[in-house]
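**Student:** For the record, the sequence lines run as chains A and B.
Counting from 0, one number per residue, gives the positions in the first sequence under numbering that gives the first Met the number 0.
Counting from 0, one number per residue, gives the positions in the second sequence under numbering that gives the first Met the number 0.
Worth flagging that the hints you see were computed from the coordinates, not collected in a lab.
Among the hints, erroneous ones may be present.
Distance condition first, Cα-Cα at most 27 Å in a straight line; then the derived DSSO-like pairs of lysine-lysine [claimed, not checked]:
| hint | chain 1 | residue 1 | chain 2 | residue 2 |
| --- | --- | --- | --- | --- |
| 1 | A | LYS26 | B | LYS237 |
| 2 | B | LYS394 | A | LYS138 |
| 3 | A | LYS143 | B | LYS392 |
| 4 | A | LYS50 | B | LYS394 |
| 5 | B | LYS394 | A | LYS143 |
| 6 | A | LYS26 | B | LYS240 |
| 7 | B | LYS240 | A | LYS53 |
| 8 | A | LYS48 | B | LYS392 |
| 9 | B | LYS320 | A | LYS31 |
| 10 | A | LYS365 | A | LYS319 |
| 11 | A | LYS53 | B | LYS317 |
| 12 | A | LYS260 | A | LYS245 |
| 13 | B | LYS237 | A | LYS48 |
| 14 | B | LYS317 | A | LYS50 |
| 15 | B | LYS237 | A | LYS50 |
| 16 | B | LYS317 | A | LYS48 |
| 17 | A | LYS48 | B | LYS394 |
| 18 | A | LYS161 | A | LYS31 |
| 19 | B | LYS227 | B | LYS320 |
A few chain A residues that face chain B, going by a derived Cβ cut-off under 10 Å, partial list only [as the list claims (entries may be wrong)]:
| hint | residue |
| --- | --- |
| 20 | VAL40 |
| 21 | GLY42 |
| 22 | MET43 |
| 23 | PRO51 |
| 24 | GLY87 |
| 25 | ALA95 |
Don't be surprised by glycine CBs; every beta carbon is placed ideally from N, CA and C.
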Amino acid sequence: MEKKLFGVAAIFTTPDDIINAASSTVKKGYTKYDVYTPYPVHGMDNAMKLKPSKLGYLTLGFGLTGTFIALFFMWWMMAMDYPMIIGGKPFFALPAFIPVTFEVTVLLATLATVIGMLTFFFYFPNNSHPVHDTSFMKKVSSDKYGVCIECADPKFELEGVKEFLTSVGGIEIEEIYYAVKTEQRIFDPKFITFLIGVAIATSGGIYFALNKLMYMEPFTWMQTQQKLSAQAETKFFTDKFSMRPKIAGTVARGFIPYEYKGLALPPVEIVNPSVPDEKNLALGKKKYLTFCSPCHGNHGDGDSRLRGQFPNPPSLHSLKVREWNDGNLYHIIVNGQNVMPSYESQINVAERWAIVNYIRVLQKAKNASPEEIEIARKEGK
Amino acid sequence: MSEVNYDYKTKELPKSVFTTGIALLIIGTVFGVIGLYLDTQRFLLNYLLAFALLISVGVGALFLVTLEYVAGADWSVPIRRVTEFFSSTVPYLLIIGIPLLFNIGSLFHWSHPEAVAEDKILQSKAPYLNTTFFIIRFFVVGLLWTLFWFLITRNSRKQDITKDQVLTKINIRYSAIFIPVFAITISVASIDWIMSLDPHWFSTIFGVYFFAGTVLASLSAVTYAVVKLFENGYLHPKITKDHLYSLGALLFAFINFWGYIAFSQYMLIWYANLPEETFWYLNRWEGMWIYVSLILIIVHFVVPYSVLLSQPAKMDPKRLKFAALWIIFAHLIDLYWLIMPNYHAENSNPWVYLLEFAFPMAAIGVLCIVFYLSYKKSNLLPLGDPKLERGLKFKL
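From just these sequences and the hints, can you work out the full model?
**Tutor:** Here is the structure:
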């Protein structure tokens, strides 16, 4: 492989020497160089005349973005889109949101800092540096200090640099070469496979350790309660069902049994007990649209939405139905008629009468006299 | 190792520090006494506020000194004396507190037997909240503080002459004992003097809350004094902006700490929403107090946080001085917010409230006088401290 010169490095033995070497390098006018120490040496920033890193602005920017995003989303979800009362607190419960806001702020700030550092300073996806794997690196990462002046420096000149480094007290002057590579090692399929393997092994191992090996229940009174869950088998009842059938004779609220059940027509006229006010008609409309409209159509014209899967019913605007009394309509809802099934168990008494009232409204709307239309127009409705 | 030149002359502090202190003390006391005459209960609370400020600065400074020993910090050694000077307020606390002991009846509701007799909650708290035990606690706590202050600062000064390194070791031991003692005593003091003003209320984090304010107040006093001395060339020339930066960073850290604790206390009470806890905040949400409560967030957290956020600000003498004074001011508002809502009187002349600057002013006077007198008594540099050289060479 082709090798190229990266720069010239020198080793120093004490922290004072390296500080001195760094400031001399600056004084000499070199700009492309770096100092390597096994631990942060105090005063180095000053000696190298480093300006404060600009990374802080990235951190600040992303931190504030985190603040904003967290607050915005919590406001949108908790107060606008799906308001829910939690613990009697206001929908926009700022004090309760602050910990989350803080955490999202810190999360985005740190992620931005790390990713920013990797991309701007370490030139991600590049994962190596020419001084890696040199004897120079071995020393400066254990107990020595070093300076490396790079040949990218405009003032670089091999002999001159060597002379300068010796003059400031550097020992073991070393020329650093690096192999010119074309491909980025980080995208090497072997490396990627290895990474995926490690990810699977660690997550699987942790899952196994935490959920199987070390799993324990510190207290169980929340998880295993003294109750039967629906659909589950139980030993408590002999038939092993945890859901129990209704006890004979039970009447659900609002479902008082209808006395003329099974007869073709009610033998006496049943009087409609409900008042067709706005609320009642709204209920009737809602229930009609839910239960009746699939077959009878939204306006009672018998235009079924079932596309022939069920025989189309006749129109509810026929003279016959219009002249029926309310009790008759009620009777049909409870009993059904021929192929029309009974709706007794789905719709309670009050809702049945509300549907009857709504059918009357539909009928009036189709068959109003001109005078009635005139009155309605005058009332502005 | 290179030689450090310790051979520098301690410059005399200008006499004006002393005279200003005396003037503040006298003017403050005079107006305060007028206030006491006009509205006794209110100005007793006001006196208590000034007393709490002195506890904050004095005991807080002692804590900072011990913290340096225990943490083995180098950077603060050359400026430790300034902290010690402020800690010299500690012995005077015993004297300054005594007038309050004579007025326990006007300050604390729980001290009235007839009130306790018809109050179940006070009855159950009576084994702790009773006048005798209160006075005992005051002296025990005060004497403990004074004892540690005496031992630690005496050893520190002795070391200037004897250069005996063993003294540092002894002080480290004292400090290690003092820190848990401090944790307990500062909680006791804050619960006794401030929390028990509203004897039905309780908050388990209250001691920590007061501690956060304490450290901030003492650290600000130290920072202000150090920056002033630094600017006027009183400090050793090797003390640089790197030392100032460390002070600024600590201030910034404790501003965050205070915000964290204050918010924790508020959020837990707000969330649990139990009437026996929330009423304390509701009292501070009533009438004009709502503004004080909201201003506190801005003055005690938002402003100092923003001022100290950037790195250069933490070492710029001007901004540091501003932040330090500001935080002392903020701590005063914090104390005002803690103490003053316990004043209940219907017909009093609001103009009297204008006199409320008086006792805090006197307290600041006391700080000036104590600082001046202690400065006179000892070196500004702990010459015998084995860590001094490293402290002077401290670089970021």
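**Student:** Taking the hints in turn, state whether each one holds.
**Tutor:** Here is what the structure says about each hint:
1. A:LYS26 with B:LYS237: holds (23 Å)
2. B:LYS394 with A:LYS138: Distance of about 25 Å is within 27 Å: holds.
3. A:LYS143 with B:LYS392: This hinted pair holds, its Cα atoms lying about 22 Å apart.
4. A:LYS50 with B:LYS394: holds (16 Å)
5. B:LYS394 with A:LYS143: With Cα atoms ~20 Å apart, LYS394 (chain B) and LYS143 (chain A) stay inside 27 Å; holds.
6. A:LYS26 with B:LYS240: holds (23 Å)
7. B:LYS240 with A:LYS53: holds (21 Å)
8. A:LYS48 with B:LYS392: holds (18 Å)
9. B:LYS320 with A:LYS31: Violated, at about 39 Å.
10. A:LYS365 with A:LYS319: Between LYS365 (chain A) and LYS319 (chain A) the Cα gap is close to 15 Å, so the pair holds against 27 Å.
11. A:LYS53 with B:LYS317: Measuring from Cα to Cα gives roughly 24 Å; hence the hint holds.
12. A:LYS260 with A:LYS245: holds (20 Å)
13. B:LYS237 with A:LYS48: holds (20 Å)
14. B:LYS317 with A:LYS50: holds (21 Å)
15. B:LYS237 with A:LYS50: holds (23 Å)
16. B:LYS317 with A:LYS48: holds (23 Å)
17. A:LYS48 with B:LYS394: The given pair, whose Cα atoms are some 14 Å apart, holds under the 27 Å limit.
18. A:LYS161 with A:LYS31: Distance of about 15 Å is within 27 Å: holds.
19. B:LYS227 with B:LYS320: Holds - the C-alpha atoms of LYS320 (chain B) and LYS227 (chain B) are around 8 Å apart, at most 27 Å.
20. VAL40: holds (9 Å)
21. GLY42: holds (4 Å)
22. MET43: holds (9 Å)
23. PRO51: holds (6 Å)
24. GLY87: holds (7 Å)
25. ALA95: Since chain B brings a Cβ to about 7 Å from ALA95 (chain A), closer than 10 Å, the hint holds.
When each numbered hint is compared with the structure, a violation occurs for hint 9 only.
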